[in-house]
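S.K.: Could you build the full structure based on these sequences and the hints that come with them?
2 protein chains.
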Amino acid sequence: MKKGKQTFELEQPPKIIGAYSTAGPFEAKGNFKEYFDTVLKDDEWGEKTHEKTELKIHKFTIANALDRAKRPIEEVDAMMCGDLLNQIISSSFAARDFDTVFLGVYGACSTFGEALSLASLLISSGNMKTITCSTCSHYSTAERQYRYPLELGTQPTPTSQWTVTGSGCSVLSIEGEGPRITSCTLGKVIDKGIIDVNNMGAAMAPAACETIYAHLNDLGRDPNYYDLIVTGDLGKFGKNVLLHLMEEKGIKLTNYDDCGALIYKTEQKTVQGGSGAGCSSLVFNSYLYKEMQKKNLNKILLVPTGALLSKLSSLQGESIPGIAHAVAIEV
Amino acid sequence: MKKGKQTFELEQPPKIIGAYSTAGPFEAKGNFKEYFDTVLKDDEWGEKTHEKTELKIHKFTIANALDRAKRPIEEVDAMMCGDLLNQIISSSFAARDFDTVFLGVYGACSTFGEALSLASLLISSGNMKTITCSTCSHYSTAERQYRYPLELGTQPTPTSQWTVTGSGCSVLSIEGEGPRITSCTLGKVIDKGIIDVNNMGAAMAPAACETIYAHLNDLGRDPNYYDLIVTGDLGKFGKNVLLHLMEEKGIKLTNYDDCGALIYKTEQKTVQGGSGAGCSSLVFNSYLYKEMQKKNLNKILLVPTGALLSKLSSLQGESIPGIAHAVAIEV
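Protein sequences appear in the order of chains A and B. Under my numbering, the letters of the first sequence match residues -1 to 329, in that order. Under my numbering, the letters of the second sequence match residues -1 to 329, in that order.
Just so you know, the hints here were simulated from the structure itself, not pulled from any lab data.
Which copy is meant is left open, so a pair is good if it fits within one copy or across any two.
Okay, derived cross-link-like pairs now, DSSO-like style, lysine-lysine, Cα gap no bigger than 30 Å in a straight line:
{"no.": "1", "residue 1": "LYS267", "residue 2": "LYS234"}
{"no.": "2", "residue 1": "LYS3", "residue 2": "LYS68"}
{"no.": "3", "residue 1": "LYS234", "residue 2": "LYS288"}
{"no.": "4", "residue 1": "LYS250", "residue 2": "LYS3"}
{"no.": "5", "residue 1": "LYS263", "residue 2": "LYS39"}
{"no.": "6", "residue 1": "LYS13", "residue 2": "LYS31"}
{"no.": "7", "residue 1": "LYS1", "residue 2": "LYS68"}
{"no.": "8", "residue 1": "LYS247", "residue 2": "LYS3"}
{"no.": "9", "residue 1": "LYS190", "residue 2": "LYS46"}
{"no.": "10", "residue 1": "LYS3", "residue 2": "LYS127"}
M.R.: Below you can see the structure in the form of structure tokens.
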């Protein structure tokens, strides 16, 4: 049932009956090593290009999530996925190996939130029963597509972030057991005129603020309803921007963090932390999901955030629009 | 209600209460000039780059479709759109100017079908009331992104197609009047190993065949139920491949055509015809929609088709997977 302009309460909440996470070796040096289901030994995983590695990670993660959920592909109504590569090839090529409907979605690093939201609406309404939601990213493919060839050894700027190598997949179903998706708030595109392509946190924080604010308003809910409100990949700088923007709206968040700010250790020198379409899906399907299973976290609001730029749009002088989708997940 | 593995009968069929089409000057020299709502005088429309032109066309088309539908943006639950440019910037940047939820979707030239299908499911189930579905493409942006700089004057091969400059937008709503979307069949990714990036028709025809076959099978329906079965952009060669593949399955289509094969005149030398994410949405929102309004066509099956490659995937030796989504539209 729609509440307000952007929020949907799910009358038949889908459950996340299976989750799987695959992380790169650098990610395993961060804060969540013990939570990752599989950690790669190297960045290539036997593939000739990093794009093929990213595809392999994505396929592997989806297959293992289905295995965890004990659902054969015949019982999966659709796979909903997206990634950062041009024409989302890590997703569409992964779908070749799964005999089910493919629904490609794109919202940059907010894609996991878009997938969870749309899948929840499709399941809650009875149209579908089981859907996989997944995203992936790879440091080496994102760097060369969006920024510079790795071989150049370009220095990061003070507000830059590190694209996560990894993938997470959640299997949503009306049948089975697991944390429930109880509501979602879909995001609008917000553009505050940021043009620095090395400051995604600033570009995305206003969108995250608008979506969280809409979510709380639409449901008449206090932020402390949640054990944790967690954005996707604002990074440490963007996280502070968000806290500031929320305070401007009169809301002081005391239970807030960011997947990108959380994933790496300070000594890993990722500057502001992690980013990438795989960032929020990796952290959710490892750390957050397992902490929910242990009931250390019972109610979270996951808010994947995306910067909707392309390399070409920035070269043509465009600013960087942001978007964020919020998904309430409860044990 | 789900029928078979991939098809959904819509119990509360959304209606297409407004449609708008914007075409480039070359497209207006083709078969549908009198059907286009706006025809550009030149390929630039006052913009400095063709990417900015494509964005302007998309925004203009969405705004005018809403105008036709007499729906202010406050009554629009979401806009669902996608395009061929890297990171679908013609869609996400367009969404900046509309104060509503943005849902980016991507299935290459099948995107319009994915948008119509997902929007129909969201509306039919009562979650949303009004959604805009749109796609766009531009010959000059697609050529330089996927193939060669235009300045090279590269010769087309015998199976190549011409990317349509244009955009189409349909406004779907549970309230109002217009042709109804009565069912949809979502597609799987099908890869028959085609590697020729200048033969999209062959790459996509197997997916179109599988989707049309699933649609007819799932609903126990004869192809002659429809006045017209129309694929997105297989082109003339791909159209013949599809007819052949359907005959192999024991189905002789006598009421079949393809938007790409239809849009241009032979003397325009587009080789196999039109392609691009804007192809099926432009033809549907002009020719097909207006013929349905006149009741010259009462039941059509629109099957936008997509080739899920990127320039990089082909350079790395990957084959070209295809996908197609079928949407039944009835007066």
